[in-house]
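Whole structure, please, built from the sequences with the hints as guidance.
Sequence order for the protein chains is A and B. Going by my numbering, the first sequence opens with residue 84, and the numbers climb by one from there. Going by my numbering, the second sequence opens with residue 15, and the numbers climb by one from there.
What the hints contain is simulated information worked out from the structure, not anything from laboratory work. The C-beta atom is built at its ideal place from N, Cα and C for all residues, glycine as well. Among these hints, one or two may not hold up.
As the list claims (entries may be wrong) - The calculated label-pair distances, taken between Cβ atoms and stated as ranges, are:
| no. | chain 1 | residue 1 | chain 2 | residue 2 | range |
| --- | --- | --- | --- | --- | --- |
| 1 | B | Thr60 | A | Phe157 | 21 to 31 Å |
| 2 | A | Leu100 | B | Ala65 | 43 to 53 Å |
| 3 | B | Leu135 | A | Leu86 | 45 to 55 Å |
| 4 | A | Leu86 | B | Ala208 | 26 to 36 Å |
Unchecked claim - Only some residues are given here: those of chain B computed to face chain A with a beta carbon under 7 Å:
| no. | residue |
| --- | --- |
| 5 | Ser182 |
| 6 | Ile190 |
| 7 | Met194 |
| 8 | Ala196 |
Unchecked claim - Below, a sample of chain B positions facing chain A; criterion: calculated Cβ distance under 7 Å:
| no. | residue |
| --- | --- |
| 9 | Ile66 |
| 10 | Asn179 |
| 11 | Gly232 |
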Amino acid sequence: MDLNGLMAIGAGLAVGLAGLGVGIGQGHGTRGALEAIGRNPEAEGKIRSTMLIGLGMTESAAIYGLLIAFIILFVFAG
Amino acid sequence: MNIEIRLFGTTLSSGFTTFIIAIAIVAFIMMWATKTMKTEHNYRITSLSTAIIDMLFMFIYNLVEGIVGEELVEEFMPLGMSLFFTLLLANTLSLIGLQEAVTDLVVPIVLVLTLFIAWTLYALKKIGLVGYIKGIFGDAPALFPLELLGRLTSPLSMSLRIFGNILSGFVIMNLIWIIMGAVFASGLAAIASANIIVGVATLVGGLLISVASIGLVGYFSVFSPVIQALVFTSLALSNFKSLVEE
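Here it is as structure tokens:
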């Protein structure tokens, strides 16, 4: 296996593993928000906007993986 | 679209140019709104555009109030307002063909470095050098390397977060444009070689893809910049608050 193949596998692993964790985390966050809305439907707007900001922050872990994949693919290999 | 400005012998990159355009637009709108709406103690709403500005102002006001508290909201309102709208505009100007500002790494890095200096100066002014050092050592002096590391990496993670989020949308949209171009080109080539049915089917498929990609444009060019601008503004303001609170 040559270096480019290893780089491709590394980039895929970086995105895949980061996405795995973030998927689980965002699911937990959304579940919490949904339970809160079910318990207290009047606060739906506030809960939703807080949830969106929280999900945006959680997402950044996956984005770091994506950045590493970009760096591997376009800086080292390109 | 690549726009480059030559200034004092150096060339500004296209993302940075978008950033400057966004700053100019936001500054112009803010100055116009101040001139039109300001009264002695409050502000007045006279037309539709001022009503829209009032709506946006109240949105940011509630956000800032939720982060820094009631007594500091007047102090941080200008920063929150200009930070949020500049970031929002700098990344949604891609809708008219400019490159997203933060896809140039220099823009988020410089933004966050400026904020870092502002955080430190604000904390030094409010609690003094002794208080700042006390804040680093805190109640667990043995853990001060972690606290120091946390203070230094929070700007790094902030800049990389907005950079990566917008860059990923930029890359994905470019991939989709490339695929659409290839689909249309192969459809036209099939028609040119008298293979009419295949060619028309390919063109219709390409048209369907382009209609479907409107949703993607909405997500990556409007929704994601709004969320990222909100997150960036909240983090920047909450850092001001948390440094002083120690």
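Right, here's what the structure says about each hint:
1. A C-beta distance of roughly 51 Å is found between Thr60 (chain B) and Phe157 (chain A), which places it outside the suggested range of 21 to 31 Å.
2. In this structure, Leu100 (chain A) and Ala65 (chain B) meet the distance hint of 43 to 53 Å, their C-beta atoms being roughly 48 Å apart.
3. Look at Leu135 (chain B) against Leu86 (chain A): about 47 Å separates their beta carbons, and that is inside 45 to 55 Å.
4. At about 45 Å, the CB distance of Leu86 (chain A) to Ala208 (chain B) disagrees with the hint of 26 to 36 Å.
5. Annotation: interface hint on Ser182 (chain B) holds; nearest CB of chain A at approximately 5 Å, less than 7 Å.
6. The interface hint given for Ile190 (chain B) is broken, as the beta carbon of that residue sits about 16 Å from the closest beta carbon of chain A, more than 7 Å.
7. Residue-level restraint check for Met194 (chain B) is violated (minimum Cβ-Cβ distance to chain A is 22 Å; threshold 7 Å).
8. About 20 Å separates the beta-carbon of Ala196 (chain B) from the nearest beta-carbon of chain A, more than 7 Å, and the hint is not met.
9. The beta carbon of Ile66 (chain B) comes no nearer than 19 Å to any beta carbon in chain A, farther than 7 Å, and the hint placing it at the interface is violated.
10. For Asn179 (chain B), the shortest C-beta to C-beta distance to chain A is roughly 5 Å, which falls under 7 Å, so the interface hint holds.
11. Violation of the interface hint for Gly232 (chain B) is found here, the shortest Cβ-Cβ separation to chain A being roughly 15 Å, above the 7 Å cut-off.
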